[in-house]
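The whole structure should be built from the sequences, with the hints applied where relevant.
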Amino acid sequence: MSKTAGCCQSCLHYVFDYETPKTLVIPSIRVGCVFRFTQLLVVLYVVGYVCVVQKAYQETDSVISTVTTKVKGFAFTNTSDMDPRFWDVADYVIPPQGDHSFFVLTNMVVTPLQTQSRCPETVQKTFIFIFYSGILTGLCENYSTTVRTCEVLSWCPLEIDTKLPEQALLAAAENFTVLIKNSVTYPKFNLHRRNILPHINSSYLKRCEFSRTTDPDCPIFRLKHIVSEAGEDFQDMAVKGGILGIIIDWSCDLDWWAGKCYPKYSFRRLDNKNPVNNVAPGYNFRFAKYYKTPDGVETRTLIKAYGIRFDVIVFGTAGKFGIVPTIVNLGAALSFLSLVPVVSDWFMLTCMKKRDLYSRHKVTYLNEDAEAEPVSDSSFTF
Amino acid sequence: MSKTAGCCQSCLHYVFDYETPKTLVIPSIRVGCVFRFTQLLVVLYVVGYVCVVQKAYQETDSVISTVTTKVKGFAFTNTSDMDPRFWDVADYVIPPQGDHSFFVLTNMVVTPLQTQSRCPETVQKTFIFIFYSGILTGLCENYSTTVRTCEVLSWCPLEIDTKLPEQALLAAAENFTVLIKNSVTYPKFNLHRRNILPHINSSYLKRCEFSRTTDPDCPIFRLKHIVSEAGEDFQDMAVKGGILGIIIDWSCDLDWWAGKCYPKYSFRRLDNKNPVNNVAPGYNFRFAKYYKTPDGVETRTLIKAYGIRFDVIVFGTAGKFGIVPTIVNLGAALSFLSLVPVVSDWFMLTCMKKRDLYSRHKVTYLNEDAEAEPVSDSSFTF
Amino acid sequence: MSKTAGCCQSCLHYVFDYETPKTLVIPSIRVGCVFRFTQLLVVLYVVGYVCVVQKAYQETDSVISTVTTKVKGFAFTNTSDMDPRFWDVADYVIPPQGDHSFFVLTNMVVTPLQTQSRCPETVQKTFIFIFYSGILTGLCENYSTTVRTCEVLSWCPLEIDTKLPEQALLAAAENFTVLIKNSVTYPKFNLHRRNILPHINSSYLKRCEFSRTTDPDCPIFRLKHIVSEAGEDFQDMAVKGGILGIIIDWSCDLDWWAGKCYPKYSFRRLDNKNPVNNVAPGYNFRFAKYYKTPDGVETRTLIKAYGIRFDVIVFGTAGKFGIVPTIVNLGAALSFLSLVPVVSDWFMLTCMKKRDLYSRHKVTYLNEDAEAEPVSDSSFTF
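Chains as they are written, first to last, in this note's numbering: chain A, 60 to 441; chain B, 60 to 441; chain C, 60 to 441.
By construction, these hints were calculated from the structure, which means they are not laboratory data.
Any given hint could be a false lead.
Just so you know, same-sequence chains aren't split out, so a pair can sit in one copy or run between any two.
Distance condition first, Cα-Cα at most 20 Å in a straight line; then the derived EDC-like pairs of lysine to aspartate or glutamate [as the list claims (entries may be wrong)]:
id, residue 1, residue 2
1, LYS363, ASP274
2, LYS363, ASP158
3, LYS323, ASP308
4, LYS412, ASP76
5, LYS379, ASP220
6, LYS114, ASP295
7, LYS379, GLU118
8, LYS129, GLU268
9, LYS332, ASP158
10, LYS129, ASP220
11, LYS413, GLU78
12, LYS332, GLU225
Rendered as structure tokens:
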């Protein structure tokens with residue numbers, strides 16, 4: 060036959076000859092048990108822990124969310140330093156349009172009829188130094204033996220925010236309710252969900268109120284209930300304000316055998332009460348309503364608004380069977396299976412009585428000096 | 060030689076002797092084919108699926124985004140129950156500062172000249188019971204044979220939100236345009252991008268308008284176009300309002316051979332139209348403009364604003380070649396390669412005609428009773 | 060003995076007989092070194108790179124954050140086209156409630172006393188064509204030889220936004236300070252943190268100011284400082300406005316041996332200054348204050364507000380030792396270890412002088428034709 064033919068044949072052999080390890084069968088129950096047992100452990104870990112507990116076979120996506128909130132309720136205030144007044148949503152909800160974060164006014168320091176003019180600086184007892192709340196005009200007069208006050212050009216009269224009511228002005232706010240509409244999307248799985256579940260009908264929604272026990276799916280929450288579930292007292296919180304998180308957990312398992320995907324509500328106070336390392340505790344901000352007097356002078360009513368800001372925080376991860384994570388995890392587990400024989404061999408060649416016999420047959424020690432046959436006894440018999 | 064020398068030498072042997080499995084070569088094309096074929100399958104899976112399709116070799120980061128929106132356009136309304144009025148951005152966009160979520164007023168129920176006073180409760184036909192929109196003063200009078208109404212202390216006159224115009228007041232809003240500026244960051248890759256692509260120049264931006272076919276990169280959108288792409292009719296939606304998502308997908312493949320990273324726009328209605336399980340359909344909120352009469356009495360104009368809230372939702376994941384995910388996936392695949400011989404062996408020892416011959420040479424059965432040589436049908440008896 | 064017994068015994072053998080590969084020990088230092096060295100490389104990679112550098116043994120969670128901001132400071136303006144005016148927070152911060160995004164007014168075009176009426180269209184020099192800022196009444200008159208202007212029904216007088224002050228009106232805004240409160244949550248690890256670190260006390264917070272060198276943990280920032288760290292000049296930016304990102308990186312390593320989890324602040328300008336491909340540079344929006352004249356006519360003051368919008372952007376990933384990622388990465392590495400023998404064998408059978416000897420003892424070539432013993436020399440000697 061020609062040379063090429065031989066060459067190509069040899070190469071054919073090289074590709075398609077199948078090389079398989081020679082093996083030795085040890086008919087020993089004990090070794091076999093060790094082998095099977097370690098194998099079992101690995102398999103158990105994979106099935107039990109990785110798959111069942113950790114759901115490592117899933118690929119995940121994180122949530123995209125839209126929130127609408129609508130507060131309902133009204134209050135009536137009748138205090139000494141203010142006319143009797145009726146409050147509705149347009150008065151106490153800021154900003155009005157109700158997105159994921161809304162503020163309910165509960166207490167306030169009102170400074171009406173401010174105009175751009177000159178007035179004496181008020182002494183802020185809270186600081187040792189005098190805090191200027193305006194531009195100094197230069198005129199100063201003795202205010203007391205210790206401190207002098209000066210005339211400032213500012214919005215006068217100045218706000219005196221030290222006289223904050225101890226009782227929340229809108230104590231009644233605790234009975235307001237808020238309707239939270241939340242629709243989420245998992246783009247990777249093209250999944251859309253709403254916190255108003257399919258089985259709920261409109262008539263129920265008109266009268267229901269959220270309660271863990273009786274109405275866990277109702278999207279209407281009483282503010283008092285929210286605050287108390289967060290472990291706070293509404294009336295306390297209402298005085299100086301605070302931030303309260305309405306946390307909606309949309310963790311979903313989308314595999315058909317699980318297929319559970321509904322919101323879990325929880326509530327938590329997000330600002331810090333701890334007085335030790337804190338600054339400007341509570342939650343408040345200043346805003347003004349601007350008016351014009353008949354003769355065209357601009358006046359404003361400055362309101363230092365204390366209240367509770369409710370942040371609707373939506374988070375979650377959806378998991379669904381994915382081929383890649385499955386393969387990766389199985390692969391990783393498999394490679395542990397490849398450790399099993401190592402363990403068994405070690406056991407066999409060290410712990411067994413007949414280890415010498417086993418090793419003699421398993422291991423061949425190549426005696427290089429004797430070009431001839433290998434010595435038949437293993438390297439472990441020194 | 061000394062004992063220590065011997066010991067250390069043996070330990071040297073223990074470390075540096077190389078133990079390799081003895082193998083048997085089966086010159087059978089069929090077995091070889093099975094072997095190579097299964098090998099091929101695994102390799103194909105790794106290269107084809109994991110790498111090409113799933114890009115499992117990439118490490119990912121999720122997007123951080125900033126959005127600015129600016130609405131342009133004006134409208135003119137001339138209805139029976141309202142003076143002729145010209146509307147510009149400052150009138151109909153709430154909140155004005157245009158961040159990722161903006162509201163365009165399209166319809167409204169206006170209740171002007173409200174003051175804190177007393178007036179008879181209006182009967183809300185929508186409910187069977189009377190909904191009190193104020194504090195009862197105690198005075199009540201027969202309203203009809205069926206229902207009685209009572210005097211309330213409230214913002215009077217009360218709002219009658221049942222007379223909502225069937226035609227959207229600001230129907231012209233459909234021709235408003237919105238400029239959306241979106242800049243994103245992938246912190247892990249320190250990558251910054253804008254939705255105004257580099258190849259676009261200012262003069263183009265001044266006159267362009269988004270259109271999938273002709274101007275897919277123009278960041279200026281006509282509201283009507285947005286709504287219609289979401290599969291809705293603007294005029295329908297404008298009456299009772301709604302929420303519309305402007306979804307910007309910034310999924311990026313940052314590997315140099317791909318290097319594509321540009322925004323993909325899509326539009327979707329986010330609120331629920333389904334009347335069955337819904338409450339407060341559409342989208343509206345109340346806000347008030349506060350005035351003072353010459354004699355200092357506070358009055359307000361209450362506006363129940365219906366309109367479309369546009370939420371700009373930015374999401375995306377950037378992927379870039381990463382050494383760790385690559386190693387992990389390769390490793391996992393490798394461990395599958397280690398399964399290939401198992402398959403081939405099984406095939407060889409069960410499906411082949413000469414299986415007995417093969418097994419006789421491959422497998423040696425250790426006969427423990429005969430302490431002597433292994434049974435002679437092994438491959439060891441040269 | 061009975062047939063069943065025999066069968067069951069054989070099956071017992073099948074399960075518990077332990078099959079281990081026969082091996083050949085090569086007492087060659089060089090081969091041994093190659094073997095150990097490649098082994099070492101893999102182990103080094105795993106320990107060094109995957110674990111130490113990439114922390115691939117960690118499972119991660121991304122941050123949930125709440126932000127409160129409070130701006131302090133006041134300004135005094137005294138320009139020709141405006142009365143002397145004192146500005147405080149309620150005047151220049153929009154929206155007032157201070158969440159993650161707040162706007163500080165620095166420059167403006169004020170158009171006071173607008174009413175719904177008729178006035179001649181102003182010619183916008185900036186465009187070649189006339190931009191109608193109202194509804195045409197039909198009346199038009201020659202404005203010049205080139206352009207004619209027409210009467211419009213609109214909010215009159217019309218805004219002339221071409222006369223924007225070159226100097227920022229509220230230049231003093233650079234000395235305003237902002238207090239940023241940020242509390243974050245890692246739901247998976249149930250971890251809560253605040254940017255006001257535990258070791259900070261209230262008295263320090265009352266007077267501190269952020270500075271990389273001296274006060275890196277102080278949550279109070281001077282606007283000027285923020286802008287300059289972003290590489291911008293406040294006065295330049297203040298004229299036409301812009302968007303500035305206050306980026307808080309909450310990347311955490313929660314393993315006990317690391318346990319570092321504190322915020323890292325950085326600042327970056329988010330809008331685009333590049334004039335080439337840009338539209339509506341800077342940042343501005345229009346809003347109006349509505350008044351009523353004594354005779355009940357609605358007037359408004361239109362304000363085109365230029366200023367800096369500060370977006371507090373919080374991002375981060377927390378990592379903590381997780382059993383699954385660890386296993387997966389170890390597994391992947393292990394499967395690389397299974398490659399080591401392949402490498403060594405290849406080296407032994409190709410690069411070594413005694414390769415023929417080795418292969419003769421390692422590899423047995425099954426000679427199918429001779430049903431009898433296999434030929435003792437390897438398959439590579441045709």
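Evaluation of the provided hints:
1. For the identical chains of this complex, LYS363 and ASP274 are neighbours neither inside a copy (37 Å) nor across copies (30 Å), given an alpha-carbon limit of 20 Å.
2. Taking the shortest Cα distances, LYS363 and ASP158 sit within 20 Å of each other only across copies (16 Å), while inside one copy they are farther apart (22 Å).
3. When the C-alpha separation of LYS323 and ASP308 is checked against a cutoff of 20 Å, the pair qualifies only within one copy, where the shortest distance is 5 Å, while the shortest distance between copies is 27 Å.
4. For a Cα distance limit of 20 Å, the shortest separation of LYS412 from ASP76 across copies, 17 Å, qualifies, whereas the shortest one inside one copy, 39 Å, does not.
5. When the C-alpha separation of LYS379 and ASP220 is checked against a cutoff of 20 Å, the pair qualifies neither within a copy, at 55 Å, nor between copies, at 46 Å.
6. Taking CA atoms no more than 20 Å apart as the test, LYS114 paired with ASP295 passes in neither setting, with 44 Å inside one copy and 45 Å between copies.
7. In this assembly of identical chains, the alpha carbons of LYS379 and GLU118 lie at most 20 Å apart whether taken from the same copy (6 Å) or from different copies (18 Å).
8. For the homomeric pair LYS129 and GLU268, the shortest alpha-carbon distance inside one copy (14 Å) is at most 20 Å, but the shortest distance between copies (34 Å) is not.
9. With identical chains, the CA atoms of LYS332 and ASP158 are at most 20 Å apart between copies only, with a shortest distance of 19 Å across copies and 26 Å within one.
10. With identical chains, the CA atoms of LYS129 and ASP220 are at most 20 Å apart between copies only, with a shortest distance of 16 Å across copies and 30 Å within one.
11. In this assembly of identical chains, the alpha carbons of LYS413 and GLU78 lie at most 20 Å apart only when taken from different copies (16 Å versus 30 Å within one copy).
12. For the identical chains of this complex, LYS332 and GLU225 are intra-copy neighbours only, at 17 Å inside a copy versus 45 Å across copies, given an alpha-carbon limit of 20 Å.
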